[in-house]
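Participant: Residue-level listing of the chains:
Number of protein chains: 2
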Amino acid sequence: MTFATVQDLETPSVLIDLDLMEANIAEMQSKCDALGIAFRPHIKTHKIPAIARRQLDAGATGIACQKVSEAEVFADAGFDDIQIPYNIVGARKTRRLAELAKRAKVTVTVDSQPVIDGIAAAAQAVGATIYMMVELVSLGQRTGTTPEAALAHAQRILAAENLSFAGLMIYPSDAAIRPRLQQTLALLEAAGIPVEQVSGGGSGAISDMRLLPELTEMRVGTNVFWDWNSVSAGYAGFDKCAMRVRASVVSANEPGRVILDSGSKSIQSETIEGQFGYIAEYPAARIYKVNEEHGYVDFSACAATPAVGDSLHIIPVHTCVVTNLHNQLFGVRGDRIEVVWDVAARGLVW
Amino acid sequence: MTFATVQDLETPSVLIDLDLMEANIAEMQSKCDALGIAFRPHIKTHKIPAIARRQLDAGATGIACQKVSEAEVFADAGFDDIQIPYNIVGARKTRRLAELAKRAKVTVTVDSQPVIDGIAAAAQAVGATIYMMVELVSLGQRTGTTPEAALAHAQRILAAENLSFAGLMIYPSDAAIRPRLQQTLALLEAAGIPVEQVSGGGSGAISDMRLLPELTEMRVGTNVFWDWNSVSAGYAGFDKCAMRVRASVVSANEPGRVILDSGSKSIQSETIEGQFGYIAEYPAARIYKVNEEHGYVDFSACAATPAVGDSLHIIPVHTCVVTNLHNQLFGVRGDRIEVVWDVAARGLVW
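Residue numbers (this note's numbering), protein chains in the order written: chain A, 617 to 966; chain B, 617 to 966.
One or more of the hints may lead you astray.
A pair counts as met if it fits within one copy or between any two copies, since identical chains are not told apart.
[To be verified] Only pairs whose alpha carbons sit at most 25 Å apart, straight line, appear in this in silico DMTMM-like list of lysine to aspartate or glutamate:
#, residue 1, residue 2
1, 718, 914
2, 905, 790
3, 718, 624
4, 905, 958
5, 856, 908
6, 721, 897
7, 718, 805
8, 721, 954
The set of hints was computed from the structure by calculation and includes no laboratory data.
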């Protein structure tokens, strides 16, 4: 299919404003450059090798993926420095990881001994070297471990034949983590273990980068497109949000209320203050409910209500989960479609 | 890839208990048979032609899809009676619909004049006949129209060259709709318009079928697998829930709390009382948060907490949106994998 302008597209379709995306890529790289920190884009937000290539061309040092299957897609596309900041567990998955490590530099993160041992066994079985960082638990209270356990894990990694200790990882790398990070670095130094890398991450942690001089790199995904979550948290304005879901009105039988053809299958189910997306043309409209293929919108606070067949554009609550729902993203300048990307790493759960 | 047992699978993987699915299919068909109502399974729940074929083999009359693109997949798989209970809007989509109607019997629903006219024009352009039902607005307050407008729409459909009036559609078809339905039928009868079909739908409306003797068919999707939503609403027990997401523990560094490898990318973001899924082995556990690749589980109310590498099984909040996130579903009996289905109509938003 060829599309000349956005008016040719069926809806729902995901548009990426290329001017905004390019500015977002340049801005993040320049923030990292100014601090002497490497930037490592997390591809979860776009899942598209051609966009990651633009990020590397702008100066990024490598990529981060969240799944082995995603890393495989990007390795196939020629990326050779891939971080997977995740505890990779299970015989099949660690085997695939080890195979991948024979054709790209692969760095994973771990927070427990069983995870280290599982990956070490797989690496040894195929004769690969896997780089391994230890994750420090952050205020996010997700994965990660304590300074004392981090030292023990580093020693275990150093003792394993096919693993290479690659430093420390934090997510999110808010400034509040600094005392714990410094304590960990001191423990490692006292044990004579050099720490080559301290990898931070998270959109919200961008503003804290300068307060953590120990960081050697930042992993961020969302900045490439931004979204309503980012705006709500104060990370960016709507004027930087590059992703918009083009939707159509399919029913308008109630005054001040319409139904869109975009529901949880195209804009997902996450909310901000009970709303499922921000309609660019109607800031006072509220998407108050979604079914899979229907979005319910209250226009009662708007001067006008659109009619059946009209199109409008939704800035999603969370851009990464929207990418994962679509087979293509459409790169646009104004109304002109400049590029159609297949979402190559879409929906890869393994 | 060949898999002998669920232990061979990577996680997250979606298991379908075949015994339960078969019982669910038989039960729904027999409920409809007992009332003399046709059953038309909505394929949105499984998106898999082979499962729809089992439903037809059990006695179903045809299928319902929600998108033209889904209908195309099922037409390619040999299904020749397809209903799309949706207002189909836009030149490209109506053109594809009309092309589809040349190779299968296609019935759509409408709730406004612009939608009727758009489809009529497309049907005429390619010389296809499209069957068209008028949707009555229900208590769900989504799409649909009034009795008076339904009459006007029926007349407009009858006057169009390439459209065939196929009756009335209701979603959800709760018993409370009956006065409005009867009023509409009386208006149509007074105008000399025969109503061949009254199509009801919705899991919750199954219990009301006997209270709406005007119904000629029921469209339901979720009953094939059921889910936590269904249990919560009292439509089924957990013992009928055929879908389970097999997940692994990837981190367990906090007492009474673990992190799973299943987050919004595999179990989605919908919740029941703030929980993102029901863990079959640990009824007292609470999945209290998800990121894309992480599920946060509180096991503090459980007698034991699983360890890194352990597997468990999640009954999802909403089965349809989970299917849409996965490339394969695995049909199992006990631990043995009997069939691997590709989710052929996955993620089709057009």
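Participant: So which of the earlier hints does this model not fit?
Facilitator: 1, 4, 6, 7 and 8
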